[in-house]
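Engineer: Work out the full structure: start from the sequences and follow the hints.
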Amino acid sequence: MSGTVRLSRRRFLQVMAGTAGALIVGIGAADASTPPVPSDMLGDALSELGAYVRVDADGSVLIGARDPETGTGVATSLTRIIADEMDADWQRVRVIPLGLGVADDNGKPRWLYGQQVGGTGNSIPRAWRDLRSAGALARRLLLQAAAQQLGVAAERLRTEKGTVIAPDGRRLSYGSLAAAAAKITPTPQPIVLKAPDHYSLIGQSAGDVDAREIVTGQTPYALDQHFGDMVVAVLSHCPWPDGELTGLDSSAALAIKGVMKVVELKPDPKLPPGETVIAPAVAVIAKTTWAALQGRRALKLAWKPGASGTESSAALEQQATGLLNSDAAPTTRVRDDGDIDKAKRKAARRVEAVYYQPWLAHATAEPMNCLVRLDKTSATLYVPTQSPRQAWTVVQRLTGLAPDQIDIRVPRVGGGYGRRLDHDYVAEAVLLAKEVDKPLQLFWPRDEDLSHDFYRSGCVHKLNAIVDAKRNIIAWNQRMASASALTGRGVSSDHLWTSEVGANQLPAGLVPNYRSDWFSVASSLPRGPHRGMPDVANAFVVGSFLDEIAHGLKEDPLLTHLRLIGEPRLIPLQGGGAIDTARLANVLKLVTDRISWKDWLHSVNGLGIACWYMDGAYVAHAIEVSMQGEKLTIDRVVCAVDVGRVINPMGLEGQVAGATLDALSTALNLAITVKDGKVQQSNWKDYPLASMAQLPRSVEVITVPGEGDPAGASFLAMPTAAPALANAVFRVSAVRVRRLPLMKELLRLL
Amino acid sequence: MAQDHAALPTKATDITPVPVRSGIDLTINGESFRHTGDPDMPLLWYLRDVLQLNGTKYGGEHGKGGADLVLVDGKATSAIGIPMSKLGGKHIVTVEGLADTKGNLHPLQQAFIDEDAIGCGYCTPGWLMASMDLLNRIKNPSDNDIDTLPNLCRCGCQTRVRQAIKRAVAAMKQGAKA
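Top line first, the protein sequences correspond to chains A and B.
Everything in the first sequence is counted per numbering that gives the first Met the number 0, starting at 0 for the first residue and increasing by one.
Everything in the second sequence is counted per numbering that gives the first Met the number 0, starting at 0 for the first residue and increasing by one.
It is worth saying that the hints were derived from the structure and are not from the lab.
Some clues are possibly wrong.
Stated by the list, open to error - Result set (BS3-like, lysine-lysine): computed pairs, CA atoms no more than 30 angstroms apart in a straight line:
| # | chain 1 | residue 1 | chain 2 | residue 2 |
| --- | --- | --- | --- | --- |
| 1 | A | K684 | B | K172 |
| 2 | A | K269 | A | K437 |
| 3 | A | K343 | A | K182 |
| 4 | B | K89 | A | K256 |
| 5 | A | K260 | A | K303 |
| 6 | A | K256 | A | K299 |
| 7 | B | K172 | B | K74 |
| 8 | A | K286 | A | K437 |
| 9 | A | K553 | A | K269 |
| 10 | A | K743 | A | K553 |
| 11 | A | K630 | B | K138 |
| 12 | A | K469 | A | K343 |
| 13 | A | K343 | A | K107 |
| 14 | A | K160 | A | K107 |
| 15 | B | K138 | B | K85 |
| 16 | A | K597 | A | K265 |
| 17 | B | K89 | A | K286 |
| 18 | B | K85 | A | K684 |
| 19 | A | K630 | B | K165 |
| 20 | B | K85 | A | K286 |
| 21 | A | K469 | A | K375 |
| 22 | A | K193 | A | K182 |
| 23 | A | K597 | A | K630 |
| 24 | A | K256 | B | K85 |
| 25 | A | K303 | A | K182 |
| 26 | A | K684 | B | K165 |
Stated by the list, open to error - Here are the computed distance ranges between Cβ atoms for each label pair:
| # | chain 1 | residue 1 | chain 2 | residue 2 | range |
| --- | --- | --- | --- | --- | --- |
| 27 | B | D146 | A | V490 | 41 to 47 angstroms |
| 28 | B | K165 | A | G487 | 47 to 53 angstroms |
| 29 | B | S31 | A | V490 | 56 to 62 angstroms |
| 30 | A | P704 | B | G174 | 34 to 40 angstroms |
| 31 | A | F226 | B | H90 | 30 to 36 angstroms |
| 32 | A | D336 | B | D146 | 45 to 51 angstroms |
| 33 | B | H90 | A | Q627 | 38 to 44 angstroms |
| 34 | B | D146 | A | K256 | 50 to 56 angstroms |
| 35 | B | K74 | A | S325 | 47 to 53 angstroms |
| 36 | A | G227 | B | G174 | 40 to 46 angstroms |
| 37 | A | P648 | B | G174 | 27 to 33 angstroms |
| 38 | A | A313 | B | D39 | 38 to 44 angstroms |
By construction, the Cβ of each residue, glycine as well, lies at the ideal position given by its N, Cα and C atoms.
Structural biologist: Structure below.
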């Protein structure tokens, strides 16, 4: 038996009977004309239908996690959303990662599980909209089956931890009802979701569903996967993305035992970055990783730079400052509220500052890799990706296979941060696998990973503010110059700014005369999405500059902030939605109360704050630092977040603490630099993530309880950590750090 | 019909001694192994490619970062930094060998779960091995001792690892009393 319940024009719930008396409920996304797939087409545990929930006769519940798990906790939180809605017993729930759900729709792909994007802060908001209904339908069917068996109306039954309970106390387990429930054709009545006071898992803490496997070394990442008879490829990329190979002597490499082949790869200039080889490369294919690595070392390669051979960090920065200091019109006027020129007449004080931020790499823990097995009618890949759909696109183009002949499997991913929204490494793996008649694992050594990335562009900001006699900030003019992450990616030139600066970012809407200009910097370095972009770079500038304004006014920066935020009200956002100033002020109040902000002026340590709004969520940091000579210690970090309803408090706390430490590590130490067009960093010594000793010993996380729809939180705590740190450093050292990374600049200025 | 097997030697002099196959004998998680391949191969690739013990991760060519830490005779050692030739007779423990043979987790593993000291999880085995090494040397490590852990983590699990180590110390004290 199978049936469907429509959720919207394009989405419906599908009910199926699985093998051995199981009930399966999935969400399909398709056109109304698509007939329901008959249940006899179902394979085992998970079908091609996007079956998210399976209740087995033994009472165990299998839930598919559709979005890639890159460490943001979605495998846990998404499945708990479903499990709660169906009142499953969490102890009996098993979670399995779903691969890419794709069907063949007359040669075109039909996506079965929706977006399937991980690590972009969007999984929970999307899940909140659709996944709950899968759990609710499963519960309704189980209740109906129980009603038949018990002879009691379904409305009089209740459910709890995998059991249906009758008014007289009789109990039926979900397992015993699964087979009967699967035979019920769902009625088209609307799905009723739980009232929040009935949540049993949502709002309660849960550890990562993979935790036990991770601490015992059993969790397979893509790099841990094997196919029988597989070979390994490692490569050396040209230092210049637009360079070329001028000499190749592979004799020594081929002489190494186990080395099979040396292959040259070239980017396809017609394709967008991220869909083709990142730079010209020479790959060594060998029977083992060790042989391949030795072979790579034995290659004698000569490369010639392209036009990018003249680029340098200094020249890029000069280009940016040149644009900001010129009278040239901006590439894009992002926002222009009020009249800056008129505001000048009321000026009691003017403030100006210029901030410099470096290029950044992604530095994922698990380096780029991809395992692929190709034959004439199928491609099977293990891909550490944040977007299996995009990986599919790359594979399809290179193989010409039908949509459903491509099987993209996504095991747990060793960090994404935006790097794995690009799939150059998938293109490389497929091209190399075509060269050998065997399954192939491509593996990037660390030096390749750091020196061939889609970097976050460095940027320069020039800010001017006008303060009136009443200490109000009445004008804010922000000019930013950077190289857009969207160049060459099919985005029109008037939208290149969208990866670099937000039209709604603070203090837009709070300052009556507000202007934001963006200037395009030209660079040949590959660029791409980066964790918390564009908020991280802009919040550092805004948070630092507000502190500078407060200092100029000789007042407590908390006062300056609160005056700017003003009365509780809704500030409409361009494009819809609004900032609730009460929630913004609240997170600031929470962190300052916790860190004893009243000691701000007299503390021998330095205290700093910053707050931010991002995609429906609010965040503030308060940081306390001390200095002994040149040694900076981060003594205390408090972070308050307001994300609306919290799905998994422990998971949220982990994300907030983690993002805080990542942001501090980045701000303290990290920079990618370029000389003669070559990236100069290639290992952890050059790109030193902060050590345990350099980081704070704890991050105190305050979570505001909320009832609104949950916002994403995976990088919410990134933007405010660096400005709060720099502001605290200013208090303790009197050094205003306007250039990151902070430690290098602080030591230069001390 | 041809004989599949040679006839048994009848006289002692018919026996041609086969040279003993030389190799590197080592113990990994309590099991004996003999490596007969390239002695220059780093332990990491022996674990991952040969034994398919994939819990020990590749972090970088220089072993900095700690994802590839294992215990060699109880001491945290970078598996990519040590060739097989140096491991004859050594006892190696990888993350797969921390739990006991019945699958009971070590208190440190349990503490990592309880404190949710996991981001993407890729570097977690390395943190566990470094923490084991620390607890082997210092029963009750101070915050300054914990500061010496060499591991890197991009997800920012450091504060939770610190809590996990403290929790493990408390649990081990309890266990010792019981």
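Engineer: Below or equal to 30 angstroms on CA atoms is what counts here, so check K286(A) against K437(A).
Structural biologist: holds (10 angstroms)
Engineer: Hinted pair, alpha-carbon criterion (30 angstroms max): K260(A), K303(A). Please report holds or violated.
Structural biologist: holds (23 angstroms)
Engineer: Mind checking the alpha carbons of K85(B) and K286(A) for me, to see if they're no more than 30 angstroms apart?
Structural biologist: holds (24 angstroms)
Engineer: Are D336(A) and D146(B) spaced within 45 to 51 angstroms by their CB atoms?
Structural biologist: holds (48 angstroms)
Engineer: Does the alpha-carbon distance linking K343(A) and K107(A) stay inside the 30 angstroms limit?
Structural biologist: violated (58 angstroms)
Engineer: Between H90(B) and Q627(A), is the Cβ distance one that fits in 38 to 44 angstroms?
Structural biologist: holds (42 angstroms)
Engineer: Holds or violated: are the alpha carbons of K743(A) and K553(A) at most 30 angstroms from each other?
Structural biologist: OK: K743(A) and K553(A) at ~28 angstroms, within 30 angstroms.
Engineer: Does the structure keep K256(A) and K299(A) at a Cα separation of 30 angstroms or less?
Structural biologist: holds (17 angstroms)
Engineer: Range hint 34 to 40 angstroms: satisfied by the CB atoms of P704(A) and G174(B)?
Structural biologist: Cβ of P704(A) to Cβ of G174(B): about 37 angstroms, so the range 34 to 40 angstroms holds.
Engineer: Taking the CB of S31(B) and the CB of V490(A), does the distance hold inside 56 to 62 angstroms?
Structural biologist: Holds, at about 59 angstroms.
Engineer: Please test the hint of 38 to 44 angstroms on the beta carbon pair from A313(A) and D39(B).
Structural biologist: holds (42 angstroms)
Engineer: Can you tell me whether the CB distance of K165(B) to G487(A) sits inside 47 to 53 angstroms?
Structural biologist: Given a distance of about 49 angstroms, which is inside 47 to 53 angstroms, the answer is holds.
Hints 1, 3, 9, 13, 14, 16, 21, 25, 34 and 35 from the list above are not met by this structure, while the remaining hints are.
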